[in-house]
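Asker: These protein sequence lines are chains H and C, in that order. In terms of numbering that gives the first Met the number 0, the first sequence has 318 at position 319, counting the first letter as 1, and numbering is strictly consecutive. In terms of numbering that gives the first Met the number 0, the second sequence has 9 at position 10, counting the first letter as 1, and numbering is strictly consecutive.
Bear in mind the hints are in silico, worked out from the structure with no lab data behind them. By construction, the Cβ of each residue, glycine as well, lies at the ideal position given by its N, Cα and C atoms. Be careful, since some hints might not be right.
With a straight-line cut-off of 27 Å between C-alpha atoms, the simulated DSS-like cross-links for lysine-lysine are [what the hints assert, rightly or not]:
id : chain 1 : residue 1 : chain 2 : residue 2
1  : H       : Lys26     : C       : Lys102
2  : C       : Lys2      : C       : Lys102
3  : H       : Lys2      : H       : Lys71
4  : H       : Lys309    : C       : Lys71
5  : H       : Lys2      : C       : Lys2
6  : C       : Lys309    : H       : Lys309
7  : C       : Lys26     : C       : Lys102
In silico negatives: residues of chain H with every beta carbon more than 12 Å from chain C [to be verified]:
id : residue
8  : Trp24
9  : Gly72
10 : Tyr129
11 : Leu130
12 : Tyr133
13 : Ile134
14 : Lys137
15 : Leu191
16 : Arg226
17 : Arg256
18 : Arg283
19 : Gly286
20 : Lys288
21 : Lys309
22 : Val316
Reference listing, derived: stretches of chain H covered by chain C, where coverage requires no fewer than 3 residues with Cβ under 8 Å from a Cβ of chain C [to be verified]:
id : segment
23 : 4 to 18
24 : 227 to 234
Number of protein chains: 2
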Amino acid sequence: MQKLIITILVAFALSMVAGPFIIPWLKRLKVGQTINQFGPRSHQGKQGTATMGGLVFIFAAAVTSLIMGVWKGTEGYFLIIEILSMLAFAFIGFVDDYVKVVKRRSVGLTPVQKMVPQALIALVLSVLAYLNPYIGSKLVVPFTSYTIDLGFFYIPVMIFVIVGVVNSANLLDGLDGLCAGNSMLGFGAFALIAMSLAAHESGMNPDLYNTALFSGAMCGAILGFLRFNTHPAVTFMGDVGSFAIGGALVAVAIVTRLTLLLPIIAFTMMISSLSDIIQVIYCRFSGGKRIFRMAPIHHHFELSGIPETKIVTMYDVLTALLCFVALLGYVK
Amino acid sequence: MQKLIITILVAFALSMVAGPFIIPWLKRLKVGQTINQFGPRSHQGKQGTATMGGLVFIFAAAVTSLIMGVWKGTEGYFLIIEILSMLAFAFIGFVDDYVKVVKRRSVGLTPVQKMVPQALIALVLSVLAYLNPYIGSKLVVPFTSYTIDLGFFYIPVMIFVIVGVVNSANLLDGLDGLCAGNSMLGFGAFALIAMSLAAHESGMNPDLYNTALFSGAMCGAILGFLRFNTHPAVTFMGDVGSFAIGGALVAVAIVTRLTLLLPIIAFTMMISSLSDIIQVIYCRFSGGKRIFRMAPIHHHFELSGIPETKIVTMYDVLTALLCFVALLGYVK
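Excised from the complex, chain H in its bound form (with noise of 0.2 Å):
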């Protein structure tokens, strides 16, 4: 547990010290973001904002957990997966900000462009889980010890899930600090269950003991992060960030077996993704009418007139509530 502290507070370091580098140096780049023209008029204002900030947060987690994890023989395979499943939807996310910069549009890459490449990881992801003894193709229901075995399935839900889950991150980082605050408690969430989970096993299972650093490791870069990330935002975490958080938060919830404990831990980016989907089918049935004033249902707030600071921490509590909630189910 001391070891979990050292990790936070290590991770948070890193992004506070790596924050005054990599930001100006975004800046100079003129790695602006270029504002959506379908978003909120507000929003306009926020043009020229340095983008592609998560890769502070991404750079400290990955070297803090290469530093705090345990790597005595295999037992960091799990901790190698959870980094490369964050910097491989990372990197998709980079190209994506990079098309939007050198292009200068606000749309970068097209979905199709985005989905192969993540329904690829995904794919690979999937098949390493299903093939590892330890996760299998089971889930364990959540404040339960029952287990659904999906079996062969596991591999084309988990493709599912995981591509939801990172697409829906991207989908949540629309406000100033808003994706940056819900899944750094989600990863601390993470860190006590995995902690908590490592402890219960016969003996400390290593495996989740460095799972449980990785996600410390998130939620202290993210935090560092947030210094920089709240309104008004000095850099956004851009498409690299959000893919990041998404394929980290994800590789977390796989390896924990607790896929099913993520519509509570990601509350706030699950309501994004089926807010946006059912804006899409009612637009389609209704002949174009909307049920949102704009999706993802974060927009539907602030043009409903809640300031976005107001949205923003209102999902922070929401967020934190629900951690405690799931937290109920792992701790003694």
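Based on the hints, put chain C in the right spot on chain H.
Answerer: Frame of chain H; chain C shown alone:
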């Protein structure tokens, strides 16, 4: 630990339920804050926001502690002390707020009218602690097992500490969500520390266990209150709220004998007081010059052009970090 989480959730729920009853009632009573004319000019827009909102979390924390506490035999003794300390200081704040509202002025009670009853309550608390076989006259040096025995000086020193903490909490309450967010984190840290101390003693120490539950109740209740207090605030906590927070926090510190941990956990409160004191002293000796643009120091940051929401997040991040540092010494 599960009971602690449930306590946090219950307190949160009570705050959320009580808020929509108490706040409109405060508004009907026209309990709007009369903004200090010497504060930053931008704060003049806050005139009319309902104050005394602290009643929401005072109610929620007190009721939750009564429900969730362990009351077998004399085991509830510390818990009663903690609740009464909160309520007693809250009462002074209530009178202060009430005078402001009735007399429509921003100053309230005179310093002497506040200090004398504060010192009296502090005297009672100090003597009770001094006479208690568990607490006594010793302070634990943080991160060690050393204790400092103050002997009879414990009483005057603690009076100074108690009055200092209560007024520091009051000074910190200058920006939307600042005092609430920082103290919520502090109570969260003390909940975990007290829980850890309770389990470390031979068997489970019910007094410290109750202290953990009380801290959890404060943490959850204030988290719920943040729903109404976040920028732009629907309600301010008022002196009733900040005095209650100070009274509760210092009671928890005394009972756990961890008064010396307060400069870490309540660092932002301390710098609020110190900056105020430095400002006054410097002003007197320099013949009217100012070292800060305005004291407490969060107003200095504000007048330096840092947005209010950003200062609040910076303070929150710093406090979270210091709480992690404090936890390092008290979790395995």
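Asker: Could you tell me which of the hints above the structure violates, numbers in ascending order?
Answerer: The structure conflicts with hints 1, 2, 4, 15, 16, 21, 22, although it agrees with all the remaining ones.
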